[in-house]
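**Student:** The lines below spell out each chain.
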Amino acid sequence: MFTELDKQIIRELQEDLPLTSRPYKVIADKIGITEEELLAKVQEFVDKGIIRRFGAALRHREVGFTANAMVVWDVPDEKTREVGAIMAGFPEVSHCYQRPRYPGWPYNMFTMVHGLSKEECEATAARIAERTGIKKYDLLYSTAELKKDSMKYFMEE
Amino acid sequence: MDSLDKQLLTLIQSNFPITPEPFKELALTLGTTEEDVISRLQKLKEEGIIRRIGGIFDSQKLGYFSTLCAIKVPEERIDEVAELINSYPGVTHNYLRQHEYNMWFTLIAPSSQAAEDILEEMRRRTGIKDLINLPAINFFKIKVNFNLNEV
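Going down the list, the protein sequences come from chains A and B. Heads up: the first sequence begins at 1 in this note's numbering, then just goes up one per residue. Heads up: the second sequence begins at 1 in this note's numbering, then just goes up one per residue.
In case anyone wonders, no lab produced these hints; they're calculated from the structure. Note that the structure is predicted; figures quoted are calculated from it, not measured. There may be inaccurate statements among the hints.
Unchecked claim - Just so you have them, the derived chain B footprint on chain A, three or more residues with Cβ under 8 Å:
#, segment
1, 11 to 20
2, 26 to 32
3, 73 to 80
4, 118 to 131
5, 139 to 149
Even glycine gets a Cβ: it sits at the ideal position worked out from N, Cα and C.
Isolated chain B, as found in the complex (with noise of 0.2 Å):
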């Protein structure tokens, strides 16, 4: 990556042009061509640094509800209880991380009570009891823009 690939990253996290030739304008910005614009994308996506550009909707608003679970996996079960959770499409991301609770994953479902639904399948179907669902109650502060010109 040089610095232009770090500025055509900044800027089209939140400000991917709306207008009829998007690239085109980035290139103005950037002081670029339309061309060197989209080879540039395509060499950033095939590298796996952009996983997809377009919307990234806000789930409540398009009447969804959304929550983060976590659920206590024995070591030797990671690999099988994530095939499983993985295999909802709702579940969008899942991590493990070094706690008890060490399988964090967010489900996206039509109501909370659908959620409920699927998880209690998943206790059913993994026999882990300890699932807990924690929606959030307050948001404080949703950012997802990092500044690639810091790294």
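Extracted from the complex, chain A is given alone in its bound form (with noise of 0.2 Å):
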């Protein structure tokens, strides 16, 4: 499915691009094609969604979003589409996923909430369970980030 060629220019583009006037131009010459080659190659894979973002990671912590937190919801399982359509459409949610339940995690639904404080994540939960009508739910504040990392891709072989 991806080329050698391909593999190497992920391996290249999931790199820190240099701070240089014409870094598209430094990449290709270390893997040996042209400039242009390499731009269209980046478009393309940002076009297909291999890609799914190119651009600058953020530490967001550092940048003034410090309470996030990840509300979990036990939602009945017929109503998943119905309230994760509802859960989305809220911009203070940035991540909203079903998830499997566990004996002893009963909670199917996943949301990452942001604010810049607790009382503001709380608030929001409460809105999103006021109109969804889900009413058992648990609020989980990250304490410690322990890693923080982009993965690498390709690199085994």
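Now that you have both chains on their own, put them together as the hints suggest.
**Tutor:** Here is the structure:
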């Protein structure tokens, strides 16, 4: 599915773009293709959604979004689509996924709620509960970041 | 950070130009010079605000499997268990959260079986059985951009 050249390009683009006038040319030279070829590939990856986003990855803790809560919800299985769509509509929600339940883990819907304070996150969760009718939920605040890295793909070959 | 820094950060989170001279293009948009854009980005990186500029890949489209995992770690073993879990290159994020399941990490592996094998190995090496694998079944929203002009 991915050619060796594709993988080589991916390995480069998952690193940090050099801060020089023509960064793509630096990478293209390294791989041994032209700048135009590389730019076309990057654009193709973006268009196909292989690159979900091309740009800066920030450390959110450093930029003022001090409180983020993982809010987990116990949504009746037959209502997940309807409720998921409503939750996704809240601008304070950055991620909304359905995940499996386990014995001792009753929650099947996960939302990341961002705010400037815990109170703001709590108020948002309460509004979501009100709008969706889902009353059983919990807020899990992160107390420490133990690791945050970008994945390195195609490194095992 | 001044307002130009914030505009720059907001812009390059999703609209980093894919053109021969991206920093010049950003400078034109922001009404400044290429040198100024580059030196601001250098500073924002040194300050740790920017982690990286590049591609953020869709692991699924690259043929990888990604999942969220949670483990119940006794308070006194947090450092040791974190070190063990973080040592796996497929573990990209790891957070402590206030809950019985207190350690939450994401795992990316070449297949779901490979991920399950890694988790089984973690259970064996830590001796902690309470480790749950929570892969997404449905995606309703993924948004990673923040408008810094609102901060």
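**Student:** Each of the hints needs a verdict: does it hold here or not?
**Tutor:** Cross-check of the supplied hints:
no. : hint       : in the structure
1   : 11 to 20   : holds (count 7)
2   : 26 to 32   : violated (count 0)
3   : 73 to 80   : violated (count 1)
4   : 118 to 131 : violated (count 0)
5   : 139 to 149 : holds (count 10)
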